[in-house]
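Q: Read top to bottom, the protein sequences are chains A and B.
Residues 1 to 369 in the numbering used here are what the first sequence lists, from first letter to last.
Residues 370 to 612 in the numbering used here are what the second sequence lists, from first letter to last.
Careful, some of the hints might be misleading.
Far from chain A, by Cβ distances over 12 Å, these chain B residues were calculated [claimed, not checked]: (1) 388; (2) 395; (3) 430; (4) 432; (5) 437; (6) 477; (7) 528.
Facing chain A, a subset of chain B residues (Cβ under 7 Å, in silico) [stated by the list, open to error]: (8) 421; (9) 423; (10) 427; (11) 442; (12) 446; (13) 447; (14) 451; (15) 455; (16) 461; (17) 470; (18) 473; (19) 474; (20) 495.
The hints are simulated quantities; they were obtained by calculation from the structure and are not laboratory data.
Built from N, CA and C at the ideal position, the CB exists for glycine as well.
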Amino acid sequence: MKRFLGFIKKEFLHIFRDFRTMIILFGIPTAQILIFGFVVSTDIKDARVAFLDLSKDEATQKISDKICSSGFFRRVDDLQNYNEIDMAMKKGIVKAVIVFGDNFGHDLISQGKATMSIIADGSEPNTATLITNYVTAIVTDFNRELAGTSATGNILVQPEVRMFYNPELKGHFMFVPGVITLILILICALMTSITITREKEFGTMEVLLVSPLKPVHIIVGKVLPYFILSFIDVIMILVLSWFVFDLPIRGSLILLLAETMLYILMSLSLGILISTISKTMQQAIFMSFLGLMLPTILLSGFIFPIENMPEAYDWVSAILPPRYFIVIIKNIMIKGTGFMYVWKETLILMIMTTLFIGLSVRNFKVRLQ
Amino acid sequence: MKEAVITVKNLVKKFGSFTANDNLNFEVYQGEIFGFLGANGAGKTTALRILSGLSSPTSGEVIVAGYNAKKDPEKIKKNIGYMCQKFSLYEDLSTRENIMLYGGIYGMSKTLIKRRTEDLLTKLNFREYSDRMISDLPLGLKQKLAFSVAVFHEPKIVFLDEPTGGVDPITRRQFWEMIYETADRGITVFVTTHYMDEAEYCDRISIMSDGRIVALDTPEALKIQYGAESVEDVFVKIARPKP
Numbered sequence: 001m002k003r004f005l006g007f008i009k010k011e012f013l014h015i016f017r018d019f020r021t022m023i024i025l026f027g028i029p030t031a032q033i034l035i036f037g038f039v040v041s042t043d044i045k046d047a048r049v050a051f052l053d054l055s056k057d058e059a060t061q062k063i064s065d066k067i068c069s070s071g072f073f074r075r076v077d078d079l080q081n082y083n084e085i086d087m088a089m090k091k092g093i094v095k096a097v098i099v100f101g102d103n104f105g106h107d108l109i110s111q112g113k114a115t116m117s118i119i120a121d122g123s124e125p126n127t128a129t130l131i132t133n134y135v136t137a138i139v140t141d142f143n144r145e146l147a148g149t150s151a152t153g154n155i156l157v158q159p160e161v162r163m164f165y166n167p168e169l170k171g172h173f174m175f176v177p178g179v180i181t182l183i184l185i186l187i188c189a190l191m192t193s194i195t196i197t198r199e200k201e202f203g204t205m206e207v208l209l210v211s212p213l214k215p216v217h218i219i220v221g222k223v224l225p226y227f228i229l230s231f232i233d234v235i236m237i238l239v240l241s242w243f244v245f246d247l248p249i250r251g252s253l254i255l256l257l258a259e260t261m262l263y264i265l266m267s268l269s270l271g272i273l274i275s276t277i278s279k280t281m282q283q284a285i286f287m288s289f290l291g292l293m294l295p296t297i298l299l300s301g302f303i304f305p306i307e308n309m310p311e312a313y314d315w316v317s318a319i320l321p322p323r324y325f326i327v328i329i330k331n332i333m334i335k336g337t338g339f340m341y342v343w344k345e346t347l348i349l350m351i352m353t354t355l356f357i358g359l360s361v362r363n364f365k366v367r368l369q
Numbered sequence: 370m371k372e373a374v375i376t377v378k379n380l381v382k383k384f385g386s387f388t389a390n391d392n393l394n395f396e397v398y399q400g401e402i403f404g405f406l407g408a409n410g411a412g413k414t415t416a417l418r419i420l421s422g423l424s425s426p427t428s429g430e431v432i433v434a435g436y437n438a439k440k441d442p443e444k445i446k447k448n449i450g451y452m453c454q455k456f457s458l459y460e461d462l463s464t465r466e467n468i469m470l471y472g473g474i475y476g477m478s479k480t481l482i483k484r485r486t487e488d489l490l491t492k493l494n495f496r497e498y499s500d501r502m503i504s505d506l507p508l509g510l511k512q513k514l515a516f517s518v519a520v521f522h523e524p525k526i527v528f529l530d531e532p533t534g535g536v537d538p539i540t541r542r543q544f545w546e547m548i549y550e551t552a553d554r555g556i557t558v559f560v561t562t563h564y565m566d567e568a569e570y571c572d573r574i575s576i577m578s579d580g581r582i583v584a585l586d587t588p589e590a591l592k593i594q595y596g597a598e599s600v601e602d603v604f605v606k607i608a609r610p611k612p
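Here chain A stands alone, though its shape is the one from the complex (with noise of 0.2 Å):
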């Protein structure tokens, strides 16, 4: 036990002496908390857009006002006439211009229709979709009002949306549990394989087999310290998360600590199983960035959702482990659930696990022969 404790302590001073690890495990994930939530929102505030008032009269007036003073638009500009609304977007002074055509008072009123238009920048789909969202929900609710205040008005049936669990649709909702989920791979993963092949391309790995330390001490000793760190990492991000965008747990902490711990385990054995593979540093790092990290971002459900994607990723995506965790960490923080509802994920975890592990003993054991 003496013989191991001494190991361990190697293996910290190795990580705190190391600045590029250092600032892997906790400049990294702050970085990526903070800029996920404040950089890449997918909420859109005070969006630049123009106007182009060919009518000029007051329900022109009343409907641009609205648009203003919602919060979500900001009026840059206004425009005189068609040709400056290609300008306009090409400058990138606006994401939308909004179009009222000649005599749309007059319409409106003589005809009670009136048509306008909303023409948003669609290089960013993203965005577009949400300004035009958004207009037409004020405009609708314009014409709710002038449809209370006029006698002939029709009564429509009015869907009212209301988004549960996260009612404002914040991005960082989404963005914490994604960020989380990569971090703990990345740490996990990547780093204990590239600490293991490390002893192994400077000759340290053969000393150490050759002394009486038994492998799985090795192997344990190595990775231990970055299970306790990277789960030091967990409750920084959630601390963080909590203060900076008030973001709730809603289920058990007990619980989302425990899936944590199961998910951390997962990765270690899987960056235990990726050092056995490979023979040098270059060979770890070059498999758990193209095996782990981009199919982590792209196919898991942190940022595109797997529904839309083609079939053929969605397999591709079932056997990734980040898939699932992703949706375990959702369910308990977001929705508040309980176990009940990611006993399936959970499985599937520890299947993974254990399969990891039984793959590295094998390969372990063959290179020992």
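Chain A is fixed; fit chain B onto it per the hints.
A: For chain B alone, kept in the frame of chain A given last:
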């Protein structure tokens, strides 16, 4: 009568249909410097792994430091030291920390480690480097330190796998002086090398070819037997691939 610390009888190691070690028989005596030579791929590494308890023999009897390599590899590991051609020290730990780590791994007590560390630092004239990172040390010093760490726990046998690869002649000479000193203390030195001048320094050498030991004796006796000027000549005569 010299006491054998390594006894190998009819050692065979097979990987599938490939025979890496074909019926090896030899003994290594206590306090001896035993040179283990052979061309690349002759089966040296395989034999070394078996002797150091890393790998199990297919058949035959291997006794190292009094323990059977098939049954008690863990006990063998406690009684041997090992140094490979790459420096087996951690670059981001200091001299003292490296010594502490290896002393701890071999189950030595803290007080014993402390005492021997001080002795070692004085002996090597290493005091000024004791708290420096290994990465700051010159190559020759690293080499000396790696060897000292390999015998720090006073093992019965120390295995050196091409310990002087890529080192300048002066450092090599100094390194061999350390090896002699260690052997004088009664620690058996089992060394593989590609440098034939180093082979001349050994008490006895064995030469492997195609998985078999084809010669084993003192360097002098082998030179006479093969009518050669140097061990290098002997080696070339024996280990040259058959036409």
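Q: Verify the interface restraint on residue 446 of chain B: the C-beta must sit less than 7 Å from at least one C-beta of chain A.
A: For residue 446 of chain B, the interface hint holds, since the closest Cβ of chain A sits about 5 Å away, which is under 7 Å.
Q: Answer holds if the nearest beta-carbon of chain A is closer than 7 Å to that of residue 423 of chain B; otherwise answer violated.
A: Hint on residue 423 of chain B: holds, closest Cβ of chain A at ~6 Å, below 7 Å.
Q: Holds or violated: is the Cβ of residue 470 of chain B closer than 7 Å to a Cβ in chain A?
A: holds, 5 Å
Q: Under 7 Å, Cβ to Cβ, is where residue 447 of chain B needs to be relative to chain A, so tell me if that hint holds or is violated.
A: Cβ of residue 447 of chain B sits 5 Å from chain A, so the hint holds.
Q: When you look at the beta carbon of residue 430 of chain B, is every beta carbon of chain A farther off than 12 Å?
A: With a cut-off of 12 Å, residue 430 of chain B remains clear of chain A, as the shortest Cβ separation is near 19 Å.
Q: Any CB of chain A closer than 7 Å to the CB of residue 427 of chain B?
A: Violated - the Cβ of residue 427 of chain B stays beyond 7 Å from chain A, reaching only about 10 Å at its closest.
Q: Any CB of chain A closer than 7 Å to the CB of residue 442 of chain B?
A: violated, 10 Å
Q: Would the hint on residue 421 of chain B stand, with a C-beta cut-off of 7 Å toward chain A?
A: Since chain A brings a Cβ to about 5 Å from residue 421 of chain B, closer than 7 Å, the hint holds.
Q: With d taken as the least Cβ-Cβ distance between residue 437 of chain B and chain A, does d exceed 12 Å?
A: holds, 17 Å
Q: Go through the hint on residue 495 of chain B and say holds or violated, using the shortest Cβ distance to chain A against 7 Å.
A: The hint is violated - residue 495 of chain B has no Cβ within 7 Å of chain A, the shortest such distance being about 20 Å.
Q: Does the claim that residue 528 of chain B lies off the interface hold, with its Cβ farther than 12 Å from every Cβ of chain A?
A: At roughly 8 Å from the nearest Cβ of chain A, residue 528 of chain B sits no farther out than 12 Å, so the non-interface label is violated.
Q: Can residue 474 of chain B be said to touch chain A, with a Cβ gap under 7 Å?
A: holds, 5 Å
Against the hints set out earlier in the document, violations occur for numbers 6, 7, 10, 11, 20.
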